[in-house]
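Chains A and B are the protein sequences, given in the same order. Per our numbering, the first sequence starts with residue 46, numbered consecutively. Per our numbering, the second sequence starts with residue 114, numbered consecutively.
Careful, some of the hints might be misleading.
[Said to hold, decoys possible] As a list, the in silico BS3-like pairs of lysine-lysine whose alpha-carbon atoms are at most 25 angstroms apart:
hint, chain 1, residue 1, chain 2, residue 2
1, B, 247, A, 243
2, A, 232, B, 224
3, B, 224, A, 243
4, A, 49, B, 241
5, B, 241, A, 272
[To be verified] Facing chain B, from chain A, some residues (calculated, C-beta under 10 angstroms):
hint, residue
6, 53
7, 75
8, 152
9, 158
10, 161
11, 170
12, 172
[What the hints assert, rightly or not] Rough simulated footprint, nothing fancy, chain A against chain B, three-plus residues with beta-carbon under 8 angstroms:
hint, region
13, 182 to 188
14, 247 to 257
Just so you know, the hints here were simulated from the structure itself, not pulled from any lab data. For each residue, glycine too, the CB sits at the ideal point set by N, CA and C.
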Amino acid sequence: MSTKSIVSITDYSKEQILSILDHAATFEANPNQNILNGKVAATLFFEPSTRTRLSFETAVNRLGGRVIGFSDASTSSSSKGETLNDTIRMVANYADIIIMRHFLEGAARYASEVSNVPIINAGDGSNQHPTQTMLDLYSIQKTQGRLDNLKITMVGDLKYGRTVHSLLMAMSHFSPRFCFVAPDELKMPEEYKIFCDKNHIEYTEQTEFDADVINQADILYMTRVQKERFTEVMEYEKVKNVYTLHNKMLDESKENLRILHPLPRVNEIDMDVDCNPKAYYFDQARNGLYVRQAIISNALGLI
Amino acid sequence: MNKELQVKALENGTVIDHIPSDKLFKVVSLLKLEGLKDQITIGNNLSSKQMGTKGIIKVADRYYAEEEVNRIALIAPMAKINIIKNFEVIEKKVLSLPDSFIGLVKCPNPKCITNNEPMKTRFETVSKEPVILKCLYCEREVQEEALVLK
Numbered sequence: 046m047s048t049k050s051i052v053s054i055t056d057y058s059k060e061q062i063l064s065i066l067d068h069a070a071t072f073e074a075n076p077n078q079n080i081l082n083g084k085v086a087a088t089l090f091f092e093p094s095t096r097t098r099l100s101f102e103t104a105v106n107r108l109g110g111r112v113i114g115f116s117d118a119s120t121s122s123s124s125k126g127e128t129l130n131d132t133i134r135m136v137a138n139y140a141d142i143i144i145m146r147h148f149l150e151g152a153a154r155y156a157s158e159v160s161n162v163p164i165i166n167a168g169d170g171s172n173q174h175p176t177q178t179m180l181d182l183y184s185i186q187k188t189q190g191r192l193d194n195l196k197i198t199m200v201g202d203l204k205y206g207r208t209v210h211s212l213l214m215a216m217s218h219f220s221p222r223f224c225f226v227a228p229d230e231l232k233m234p235e236e237y238k239i240f241c242d243k244n245h246i247e248y249t250e251q252t253e254f255d256a257d258v259i260n261q262a263d264i265l266y267m268t269r270v271q272k273e274r275f276t277e278v279m280e281y282e283k284v285k286n287v288y289t290l291h292n293k294m295l296d297e298s299k300e301n302l303r304i305l306h307p308l309p310r311v312n313e314i315d316m317d318v319d320c321n322p323k324a325y326y327f328d329q330a331r332n333g334l335y336v337r338q339a340i341i342s343n344a345l346g347l348i
Numbered sequence: 114m115n116k117e118l119q120v121k122a123l124e125n126g127t128v129i130d131h132i133p134s135d136k137l138f139k140v141v142s143l144l145k146l147e148g149l150k151d152q153i154t155i156g157n158n159l160s161s162k163q164m165g166t167k168g169i170i171k172v173a174d175r176y177y178a179e180e181e182v183n184r185i186a187l188i189a190p191m192a193k194i195n196i197i198k199n200f201e202v203i204e205k206k207v208l209s210l211p212d213s214f215i216g217l218v219k220c221p222n223p224k225c226i227t228n229n230e231p232m233k234t235r236f237e238t239v240s241k242e243p244v245i246l247k248c249l250y251c252e253r254e255v256q257e258e259a260l261v262l263k
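So that you can see chain A by itself, here it is in the shape it has in the complex (with noise of 0.2 angstroms):
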């Protein structure tokens, strides 16, 4: 019903993109404006996430927007059972815009069908996280002064990583070369290798993380490994320092290299590689804030 929903991040064309990518970088210039006053944000948290839903919060806060909603399910009446159908339809009639998390898959897709608000996607289970692709890509931009060209090396979980998929198919648009670094267990998917085969986009894949792959990278967008991956724990236990970064690895590195990570990170960065000025993770999670505000006035024709 909604044209204005964001539920998957090839909802936006290249130009839709960089329109956005441009509004997140004047929300930065001057991130305390009106332009939501009187207006109605829903936050529904049907599986918590406090990071992301602080972000967005915040986003529509310092826009004089004000907030209603649920950080977990437990609370509201989807715990008793309500559809999704019926609570979208109900929150649909007090808000301007639903921002919503939830663990089914496919979840905000079908809300966009059923609200007659814009729904903003803040997670469905694995599948789709638009606003943390664009925060990656506005971090990638502003790191690189361009998105176009770039030599971008992605680390770790990359099958069940939902992050790194989303971000292959936006970088699809700006001539990227990708290498993939994963053990044989967490590998790109073939259907992501054949969309990059298909687009013309140059790739490389290997198990090591060595120095000749990190000193060749403009972003090493580094991911978690998770133990619970893995159907052997011996499997696990061989590969989970394999990709950790440390700081003493980065000394060949290019100048402008950064290191993204879409957090929370556990051993993957080691805390040493934190006073690097090629760190820039913390710096990526507060862009999402400005990427956000460009989002949600975006999705309310504001901007």
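Position chain B against the provided structure of chain A, taking the given hints into account.
This is chain B only, laid out in the frame that chain A set:
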């Protein structure tokens, strides 16, 4: 040709021929024949030169819309559709897999919203050969072997 018909000829209606024997009852359920009042003849394990054995369905006095019969392509792409009027075949249709399916296919992903909410599934066809469909909700691709009809 002096060959004895294995199944009685139809005066008017639709004949779905060359259905693989193991797919016959799936086609029956796909076309929702169970609730029909029209005369229906179903044959299975009939001998076939091409296929060894085959199934056939004859539905009297009923003609199907293109998109209805094309769904059969999901499970029996080689099936042939004959439209009969006055004991004559007036049209032969070749099946072509539709570009989308609404409410027909079950998503194999247990964490998909469609398996947790009273709603219709929606799939689009990504590839016709081999058959690959994509759930428009959870965005997973489903190969032919994993297809389950609702």
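What hints, given by number in increasing order, does this structure fail?
When the structure is compared with the hints, numbers 3, 4, 5, 7, 10, 13 turn out to be violated.
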